[in-house]
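Put chain B on the given structure of chain A with help from the hints.
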Amino acid sequence: MNVLIVEDEKSLAKEIAAYLSKENFLCDMAFTGKEASEKIAVNLYDFVLLDLGLPDYNGLDLIKESRINNIDVSFIIITARGAVEDRVTGLDLGADDYLSKPFALAELLSRITAVARRKFKISSPDITVGEFVIAAHARKIMHNGLEVELTKKEFDLLHYLAINHDKVLERYQLYEHIWGNALDDQYDSNFIDVHIKNIRRKLNAFGPTPWLETVRGVGYRISTDH
Amino acid sequence: MMKLQTKLALFSLLAKLVFSALFIGFLPLIIERINTLQTDNELIKKRETVIKLISEVGIEPFITDDTVNGFGSYNILKDEFISLERVDLAEDWNFIEVTQRLIEGEAIDYRVLNYSFKVDGQTYLLEIGQSLSSMRYAAKNTRRVILIFLAIFILVTLLSDLLYTARLLRPLKIIIKRLEDTSSPSLPDSMQIRTTTSDFVRLDQTLREMMRKIEELFRSEKEITVNISHELMTPVSVLRSKLENMLLTKDLDHDIESGIEESLRTLHRLKTLINSLLLISRIESRQYLKEDSVRIKELISEVIEELSPVAADGGVKISLNCNDDFIFRNANRSLIFSMFYNVVNNAIKNTPPKGKIEISGRWRDAIFELSVIDTGKGMSQHQLDNLFSRFRTKPDPGGDSTGIGLAITKSIADFHDIAIRVLSEPGKGTEFFFFFP
Chain A
1 MNVLIVEDEK
11 SLAKEIAAYL
21 SKENFLCDMA
31 FTGKEASEKI
41 AVNLYDFVLL
51 DLGLPDYNGL
61 DLIKESRINN
71 IDVSFIIITA
81 RGAVEDRVTG
91 LDLGADDYLS
101 KPFALAELLS
111 RITAVARRKF
121 KISSPDITVG
131 EFVIAAHARK
141 IMHNGLEVEL
151 TKKEFDLLHY
161 LAINHDKVLE
171 RYQLYEHIWG
181 NALDDQYDSN
191 FIDVHIKNIR
201 RKLNAFGPTP
211 WLETVRGVGY
221 RISTDH
Chain B
1001 MMKLQTKLAL
1011 FSLLAKLVFS
1021 ALFIGFLPLI
1031 IERINTLQTD
1041 NELIKKRETV
1051 IKLISEVGIE
1061 PFITDDTVNG
1071 FGSYNILKDE
1081 FISLERVDLA
1091 EDWNFIEVTQ
1101 RLIEGEAIDY
1111 RVLNYSFKVD
1121 GQTYLLEIGQ
1131 SLSSMRYAAK
1141 NTRRVILIFL
1151 AIFILVTLLS
1161 DLLYTARLLR
1171 PLKIIIKRLE
1181 DTSSPSLPDS
1191 MQIRTTTSDF
1201 VRLDQTLREM
1211 MRKIEELFRS
1221 EKEITVNISH
1231 ELMTPVSVLR
1241 SKLENMLLTK
1251 DLDHDIESGI
1261 EESLRTLHRL
1271 KTLINSLLLI
1281 SRIESRQYLK
1291 EDSVRIKELI
1301 SEVIEELSPV
1311 AADGGVKISL
1321 NCNDDFIFRN
1331 ANRSLIFSMF
1341 YNVVNNAIKN
1351 TPPKGKIEIS
1361 GRWRDAIFEL
1371 SVIDTGKGMS
1381 QHQLDNLFSR
1391 FRTKPDPGGD
1401 STGIGLAITK
1411 SIADFHDIAI
1421 RVLSEPGKGT
1431 EFFFFFP
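Protein chains in written order, with the numbering used here: chain A, 1 to 226; chain B, 1001 to 1437.
Next up, chain A with everything else stripped away, as it sits in the complex:
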């Protein structure tokens, strides 16, 4: 998929591009609003990651422009301004999602994937971990055809770990993902431990879960080596 990263902070744009390239995205960058406007008009992108705080352009105008010109592209707003109105206006104008700086690259990937799933009706593949199958689309986890009952938060947590399998996700990253939309980060590492404990307990009733690893006390990882 083609992604245009519109971000005046060049080093950040490059980091995002480096990360997404590894995830098999084709990345293009624009460091000013004018450049972005031209690139969107000429090239076909699936996604535009849009920083609202551009020096020469109100980022929101880029969304308006492309809507007027009937360009079918998904916007994910990235902003550090954090003004409440920006978020509302952005989503009103038809942006597909909204991320506040600083975000985790893993979170960005998960948002892009979610938008892609909605927009292009791509059903994400089922992920097999140990004896369990995570059916992302149906939002279920199955063991030999039997559903394991998880709460919404527990499922989200497991799914996020599964998408980022074989990578350690720190507790705060998991917390951000689950409670990221809360007004502020009342981060409490205990929350994640409690939820993981509950997930393990529920899954262990069906089968072993050595694949859900606790890593050096800093976070968790789903390992596909098992």
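No incorrect hints appear here.
Taking CB as the label site, the calculated pair distances span:
#: 1; chain 1: A; residue 1: R118; chain 2: B; residue 2: E1298; range: 27 to 35 Å
#: 2; chain 1: A; residue 1: A41; chain 2: B; residue 2: A1419; range: 54 to 62 Å
#: 3; chain 1: A; residue 1: D56; chain 2: B; residue 2: T1196; range: 52 to 60 Å
#: 4; chain 1: B; residue 1: S1301; chain 2: A; residue 2: F206; range: 25 to 33 Å
#: 5; chain 1: B; residue 1: N1330; chain 2: A; residue 2: P210; range: 51 to 59 Å
#: 6; chain 1: B; residue 1: S1301; chain 2: A; residue 2: H137; range: 25 to 33 Å
#: 7; chain 1: A; residue 1: N70; chain 2: B; residue 2: M1210; range: 48 to 56 Å
#: 8; chain 1: A; residue 1: N144; chain 2: B; residue 2: S1301; range: 33 to 41 Å
#: 9; chain 1: A; residue 1: F120; chain 2: B; residue 2: E1298; range: 35 to 43 Å
#: 10; chain 1: A; residue 1: D72; chain 2: B; residue 2: L1289; range: 28 to 36 Å
#: 11; chain 1: A; residue 1: R118; chain 2: B; residue 2: N1386; range: 43 to 51 Å
#: 12; chain 1: A; residue 1: N2; chain 2: B; residue 2: L1289; range: 34 to 42 Å
Straight-line alpha carbon distances no greater than 30 Å define the calculated DSSO-like cross-link-like pairs of lysine-lysine that follow:
#: 13; chain 1: B; residue 1: K1317; chain 2: A; residue 2: K152
#: 14; chain 1: A; residue 1: K153; chain 2: B; residue 2: K1356
#: 15; chain 1: A; residue 1: K22; chain 2: B; residue 2: K1242
#: 16; chain 1: A; residue 1: K167; chain 2: B; residue 2: K1242
#: 17; chain 1: B; residue 1: K1222; chain 2: A; residue 2: K64
#: 18; chain 1: A; residue 1: K39; chain 2: A; residue 2: K121
#: 19; chain 1: B; residue 1: K1354; chain 2: A; residue 2: K202
#: 20; chain 1: A; residue 1: K140; chain 2: A; residue 2: K152
#: 21; chain 1: A; residue 1: K152; chain 2: B; residue 2: K1297
#: 22; chain 1: B; residue 1: K1354; chain 2: A; residue 2: K152
#: 23; chain 1: B; residue 1: K1354; chain 2: A; residue 2: K153
#: 24; chain 1: B; residue 1: K1349; chain 2: A; residue 2: K197
#: 25; chain 1: B; residue 1: K1078; chain 2: B; residue 2: K1052
Since the hints were made in silico from the structure, they are not lab data. On a predicted model such as this, the values are computed, not experimentally measured, just so you know. Every residue, glycine too, gets a C-beta built ideally from N, C-alpha and C.
Relative to the frame of chain A, chain B by itself:
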């Protein structure tokens, strides 16, 4: 406390009453004096008439040589009399005195004018009397009229005072009403106050000017938060992405890996801190809308549901006891959620296993009151005093708390005019009370 208008009216009433009391006190004296003067004037007038009559028709019709006692006349009610007699006097008489006269066996007090004059070498004494009782009767009448007039006067002036002060103070009322109706620091573009009182015009102008300045301050504060947010978060974001990408490097040295991880955690703490400060600043500069109607019971249930896994893990039991529902209007739901979330989460953290947290809501004296009571470790007076100050509550060593959660709670409560009271005793527990406006 009393309204200005009431005060003015009361003062004017008091002044009138004092004046009236003095007046009424001196009234008998004044009336008697006026009455005597008037009676004397009448007596003198009657004397003139009699003397004039005598000089026209002569003394004979009244007194002849064979008259023994002289001439005398009184009316049926005996309230006045005239007498004329021959006398021998060494000097001329012309005075008025009060004497008693016996008329038909009845002793009556009279005010009598004595006047001597000579006709053909003979001295005559003319006496004209007016009874004191008739004078007193007149005085009584006069007093009654004056008292009635006084009462009417006080009533009418009081009423006009009230009406006038009401009219005079109307602009003040309008200004107060406007201020009360203004929730955010900007005056609606209402017209200038219409008044001819220069003080009110100045008051209005001063307030307007003040409001404009405050509005300006709030606007710049808002801009500052947006700018700080941008300026601080962008570099944090760059650092974070760089570090995260580094972590993805294959076969990373273990020490370097944990170094990067630790940096990321520190960065996260920095982010949380900045966000919390910005949140408080945004609340204080009123950048959040208050447009939701929040069902408090429902919201508390959500908070409990959210936190129940953590509470269960810590062996803490949460109970909700809220029979009365309360719909909190003109509120920001997310902020209110955040406020209770903070407090309940705090209670869970500070309550040892087998402890209890009781949340209850009730109406008391037309005020909805919500309490969060835990059986936790409680706080000392010193901790209580600093409870809502930013950073004063020392975070647990190695914990994730930035010690700012309750400062956020307080600013959200202030933003919604919710009063908070906290009672706590070390070792026994803490009680949070929320009083909704």
